[in-house]
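Asker: Each protein sequence line maps, in turn, to chains A and B.
In my numbering, each residue carries its 1-based index in the first sequence increased by 6.
In my numbering, each residue carries its 1-based index in the second sequence increased by 331.
Note that these hints are calculated values from the structure, not bench results.
Hints are not guaranteed to be accurate.
Partner residues aside, some chain B positions facing chain A, computed with beta carbon under 10 angstroms [stated by the list, open to error]: (1) N370; (2) L516; (3) Y553; (4) Y565.
Below, simulated SDA-like cross-link-like pairs (lysine to any residue); rule was C-alpha separation at most 20 angstroms, straight line [stated by the list, open to error]: (5) A:K135 x B:E570; (6) A:K135 x B:P561; (7) A:K76 x B:L569; (8) A:K76 x A:E93; (9) A:K76 x A:N104.
None of the values given here were measured: they were computed from a predicted structure.
Using N, Cα and C, we set each Cβ at its ideal position, and we do this for glycine too.
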Amino acid sequence: MFRGLLLAFACLISQGLFAQTQADEPVALVETITGHIFAEVSENLEEYKAEPGKLEALVRDELLPLLDIKYSARLILGRAGRGLAPEKVDEFATVMSNLLVSRYSSGLLEFSSKVDIRVLPQRGELNEKITRVRTRVTIADGGEAPVDYAFRKTPDGWKAFDVIIEGISYITTYRNQIMPEVQATGIDSVIERIGSGQLEIAE
Amino acid sequence: MSTRLYFICVICAGLLLTGCAGTQSRNTDPENDPWEGYNRKVYAFNEGMDKVVRPVAVGYDRIMPDPLQTGVGNFFRNLDAPITFINQVLQGKLKQGGTTAGRFLLNSTLGLLGFIDVASKMGLPYYNEDLGQTLAVWGYEDSRYMMLPFLGPSTFRDGPARIIDNYYSPVGSVIGGNVRWGLFLVRGVDTRARFLDQDAELEQAYDPYVLMRDVWLQNRQYQIYDGDPPLQDYDLYLEDFDEEPEPGTGNTP
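Same shape as in the complex, but just chain A (with noise of 0.2 angstroms):
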């Protein structure tokens, strides 16, 4: 009796530290980001339509955790980032961050009706430091866009650091847009116009 207990708790907890693993995976940490963000903005989209702010500020709650903001900018900044002080490079990442969260809210308000999101099983062995999430929206006419997220692994866990939409992607747009720029104006310009909406560098 006692030990068939212990076997059933044995049994609970290696299911409980599966299931932990599991949930922790790129794909399943898309599938419940996304799909909470999703369902909440078909569910209230009139009402973010007249508080686009409170759209940012649930999306900023929900997506930043799984972003790798500094890792991002790094990339982006590319050469154009060498001898920078560590904390213009983390300036540059919040203000970078902060224009995706506003692009991915505006992005969201502009289907019409109901939004959904489709995320593809993944493909391959996870042992790579990178990994790919292939997620399919719906879109208002009934088709279909290509987003897919690039993930890192990190001491912290998985992290998104990329966005590709249909093939381009936003770390490769962006950093020809931005290099040049800071090596032409310094990155303090840069920095500044791009976190006072002076600059919408579209994908």
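Chain A is already provided as a structure; the job is to place chain B on it using the hints.
Answerer: Relative to chain A, chain B alone:
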């Protein structure tokens, strides 16, 4: 457009452009875009043309109800189905080729000359292939970026390939004379109208030329790999950040 006429236009544009040669010495992407100086001139030329084309596209966008515009898009997409089919066969994608042939038959008949995409509603997916993609699949993977007068972004591989594709397409071979020209013009306006939403974003970019190039090249890669291109080499970006990069080698044919 008839090929001979197009070449005459290209040559004329080339002459115009050498006239206004603002020397652009910097090269933002020596590997993919070694002809940046020339390309920027063609880009400027196209921007000039756009001052005429854009207002027409805006007007078209305003008077056309959305469902009708979707219909026009479907119609042109259907006309390209034979190009897709032939290139699917050339790439050995026979099953997808069968789907494309089926789509073409269904949409051309039940779909009223392609205006209604009945095939998609019946679950036959749309594919898009062309000779440029076939050449890439055959091994001609990297090709230098080339801005074409009137037609916009392309590559050294895709530009000529596009002309060959248009030879055997229904528009190029079956439909003749004024109808062909009419279709060409309507398609141009319709295509332009679809990009109106992106105008503001392009204008706001630090470097609109580079933005258009990067978006186009990445999306092209996405088409070549049928929606599943390999990830960027991010480590390379990081090496840039950490240390001195190697000088760019611009030897892509």
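Asker: List in ascending order the numbers of the hints, as given earlier, that are violated by the structure.
Answerer: 1, 2
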